[in-house]
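Peer 1: Below, each chain spelled out in residue letters.
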Amino acid sequence: MVTGATTRSLVTVRGLSVRYGNHVALQGVDLDVNENEIFGVIGPANGGKTSFLRALNRMDDFVPHMRVDGEVTFAGRDVRTIRNLYALRRHIGVVFPLPVGLPLSIYDNVALSPRLSGTRKRAQLDEIVERCLRRAALWDEVKDRLDGLGSLLSGGQQQRLTIARALSQDPELLLLDEFSIAVDPVTTMRIEEVLKELRQELTIVLVTNLVQQARRLADRTAFFLDGRCVEIAATDALFGGGARDQRTVDYLEGRFG
Amino acid sequence: MTAVRTVPTDGFATTSRERRALTVQHAARLLFLLVALLLLAPVLCILAVLVVEGAPGLSLDFFLTKPRDNGAAGGIATALVGTIWLTMGALVLALPLGVAAAIYLSEYARDNWLTRTIQVAIVNLAGVPSIVHALFGVGAFVYFLGFGKSILAASCTLAVMTLPVVIVSTREALQAVPKAFREACWNMGATRWQTIWHIVLPNSGGGILTGLILVVSRAVGETAPIMFTGAVFLRALYPSSVFDKTMALSLHLFNVSTQVTNVPRHVPFAVALTLIMVVLAMNAIAITFRMRLRGRKKW
Chain A
1 MVTGATTRSL VTVRGLSVRY GNHVALQGVD LDVNENEIFG VIGPANGGKT
51 SFLRALNRMD DFVPHMRVDG EVTFAGRDVR TIRNLYALRR HIGVVFPLPV
101 GLPLSIYDNV ALSPRLSGTR KRAQLDEIVE RCLRRAALWD EVKDRLDGLG
151 SLLSGGQQQR LTIARALSQD PELLLLDEFS IAVDPVTTMR IEEVLKELRQ
201 ELTIVLVTNL VQQARRLADR TAFFLDGRCV EIAATDALFG GGARDQRTVD
251 YLEGRFG
Chain B
1001 MTAVRTVPTD GFATTSRERR ALTVQHAARL LFLLVALLLL APVLCILAVL
1051 VVEGAPGLSL DFFLTKPRDN GAAGGIATAL VGTIWLTMGA LVLALPLGVA
1101 AAIYLSEYAR DNWLTRTIQV AIVNLAGVPS IVHALFGVGA FVYFLGFGKS
1151 ILAASCTLAV MTLPVVIVST REALQAVPKA FREACWNMGA TRWQTIWHIV
1201 LPNSGGGILT GLILVVSRAV GETAPIMFTG AVFLRALYPS SVFDKTMALS
1251 LHLFNVSTQV TNVPRHVPFA VALTLIMVVL AMNAIAITFR MRLRGRKKW
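Residue numbers (our numbering), protein chains in the order written: chain A, 1 to 257; chain B, 1001 to 1299.
Next up, chain B with everything else stripped away, as it sits in the complex:
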């Protein structure tokens, strides 16, 4: 007969082997924590430097007056307005195209060579360096389509560059809507489009908005794709049509920090601070939106 097992009296004592394992475990935890904290450092340093050096230069006047003396004096009004034009242009072009492509890939495409080819193309498009996009933009939009160096050409270039972001984030949002909802609709005799329109799209708005804001924050910051296609060093006029050239914040930052002499020390920092504030504000809006939408769960 076998005896019933009992917990030995010293069953909970810590052995030296266990003590060693715990020491290693604590050390590992500390190490990984430090590495994670290290990642925080660059962000904080950038922000700190920009705020300390740039904040004194910020004022309402800085935003509202045009640059003078090649940017050494005056404000950034034309650059700010130009960036808004370029970004809106990129958005208007990239969003409908990207959402349409994502809807096709997520809702209609079967898994065949064509679909796979498109997927590979998207991944590669996302990996193309922005300077290559710039050269593509010059060839395709400035010369081939005859837009000339203009806001239109620059916005098209930015749109092409940001399309993968829109497509991927939209497709993820669409995929997050359960398949069972679609099947229920199809079994009611709904067409694919009716299903998309009534069920899928209304429930993926958050993801699409996130994509939108990612486009904005990227388009605001890019320099290379616009400097050959539509952005100029200095322009006294606000743009009045999409065929005008324009100034832009990112290029202006490049100029005042490297190309122009006699720039007061605080000016480049103030421009950079403005740029990063716009991007951070966009990200903050994106995060708030996502949290809001996650807050009111619908299933």
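Next up, chain A with everything else stripped away, as it sits in the complex:
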């Protein structure tokens, strides 16, 4: 992120709590995600990282018993007052830990979202499919078999297909939830390169359990622990010994038990 430039926040979160029935997964989170930054979220399992993502694009609608309290705004709008949730979800792309290749052809996987929003012209769809697959670093591997089933690609390819699909809806915000869990290290590195380029045009929230991945990619990093946001700081500062909270220091140094 360029310092000095005016940073505008795309997402603001105030007093966010997430509950599943009686279980509190997240509480009292306040943070901003700025435009065109990669915002890293790290922390051990059950820290509330995924719940945080779910609150951003209103996934509580289809997770049973999930309750969200507090305020989340996206592009200045309180997400709870947005009536057209379908539009909200088109503005926010999501990539889950496990790759999801839909049981459609590779082409149709990427063309599905544009088609649903009314793009019918073949040439236009062709262009979108190629552009998104290229940006997800998958084009060269699949360009000769676009009619093959997306769900039969290898795990790493499927994850890049998932990213291509998320990009096909032209999102302003991309949410990545531990995307490299089911992906080999080489593919992970390729996707990381892609993310660095994508930062030019959109905003990324990167939830990861790999501390070094956040260090490589994120402009700022938040540390979540036991449903609370312990600390948010510029990644360089956080990893450069500038962590203020002892728990963050312990986690970054792998001394966690």
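Hint data in this document are derived by calculation from the structure and do not stem from the laboratory. From the three backbone atoms N, C-alpha and C, an ideal C-beta is built for every residue, glycine too. Misleading hints may appear alongside valid ones.
Stated by the list, open to error - Straight-line C-alpha distance at most 20 Å; calculated EDC-like pairs for lysine to aspartate or glutamate:
(1) K1179/B to D147/A
(2) K1298/B to D147/A
(3) K1179/B to D60/A
(4) K121/A to D147/A
(5) K1298/B to E1183/B
(6) K1179/B to D61/A
(7) K1298/B to D108/A
Said to hold, decoys possible - Derived contacts from chain B toward chain A, CB cut-off under 10 Å, selection only:
(8) A1180
(9) N1187
(10) H1198
(11) N1203
(12) G1206
Given the structure of chain A, go ahead and fit chain B onto it with the hints provided.
Peer 2: Coordinates of chain B only, in the frame set by chain A:
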């Protein structure tokens, strides 16, 4: 200092306790195998008797000529055609309703009292004896809705009776499509219906087809629900509309085997053989379909 453990030299010898355990194990295996084989026996016996006694009566003529002398002579053409009408009618009614209900239950319904009530209703509907369905059909379709004793009334009765089968098999097929596919679509801004139409339905066709064939094989065989609502003992004409009465194979079998005298011995067996062949053929088609669909896995 503790010594490293070593495998004793007699470590693999069989003790008498182990020998006893093995004997019991073999006996148990044999017992269960025999019980399983016993289950095969009735099916084979039925088939054998029907083939031996009924096959001589089967011929193209038997299928294509109308019964004469109350079924004692001639063929089964009107009954066969009537069964096809009744079955198709049941299918046309039960399939769309059942699939729609299954889609609601699987894709839209939240776990609340209404959903649970519907579930209980389906289970109970499946458990209602067919003769009770028949009486319901008489009251609801023949009299209340004024269909009279007709193919329409009988098909409606069969449809109500087979609805639980369609709903359960369709819902299972829908549930077999991974939740992750749905969530991926929803997160793209797809509506529930778009998700169902593009992803869920195309991948549950096999289960829906299985349900369809189960309906057919059940509707073909049922007697009680149709004998009060639309099927008749003897009718010389082929049905020409859904408001006609009709003959049906299952009822015809009942008649020629218990109600009519002077029926040649082979006739009831031939009718029964026809009936069971239709049902078995349907089941075979269902099984082939399922294997085909399982063969080309899509994820």
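Peer 1: Now tell me if each hint is right for this structure.
Peer 2: For each hint, the structure was consulted:
Restraint check for K1179/B and D147/A: the C-alpha separation of about 24 Å exceeds 20 Å, so the hint is violated. Straight-line distance between C-alpha atoms of K1298/B and D147/A comes to about 13 Å, which keeps the hinted pair within the 20 Å bound. Of the pairs offered as hints, the one joining K1179/B and D60/A holds, with about 15 Å between alpha carbons and a cut-off of 20 Å not exceeded. Annotation: proposed proximity of K121/A to D147/A holds, straight-line Cα distance about 18 Å (limit 20 Å).
For the given pair, K1298/B sits about 18 Å from E1183/B by alpha-carbon distance, which is consistent with the 20 Å threshold. Proximity of K1179/B to D61/A is assessed by CA-CA distance (about 14 Å); at most 20 Å being required, the pair is judged to hold. A hinted pair counts as satisfied when its Cα atoms are at most 20 Å apart, and K1298/B with D108/A qualifies at roughly 14 Å. Here the hint on A1180/B is kept, as its CB sits about 5 Å from the closest CB of chain A, short of 10 Å.
The beta carbon of N1187/B is positioned within 10 Å of a beta carbon in chain A (closest approach about 4 Å), and the interface hint is therefore held. With a cut of 10 Å, the hint placing H1198/B at the interface with chain A holds, because the nearest CB-to-CB distance is about 7 Å. A least Cβ separation of about 6 Å between N1203/B and chain A falls short of the 10 Å threshold, and the interface hint therefore holds. Taking 10 Å as the C-beta cut-off, the interface hint given for G1206/B is violated, the closest approach to chain A being about 13 Å.
Violated hints for the displayed structure, listed by number in ascending order: 1 and 12.
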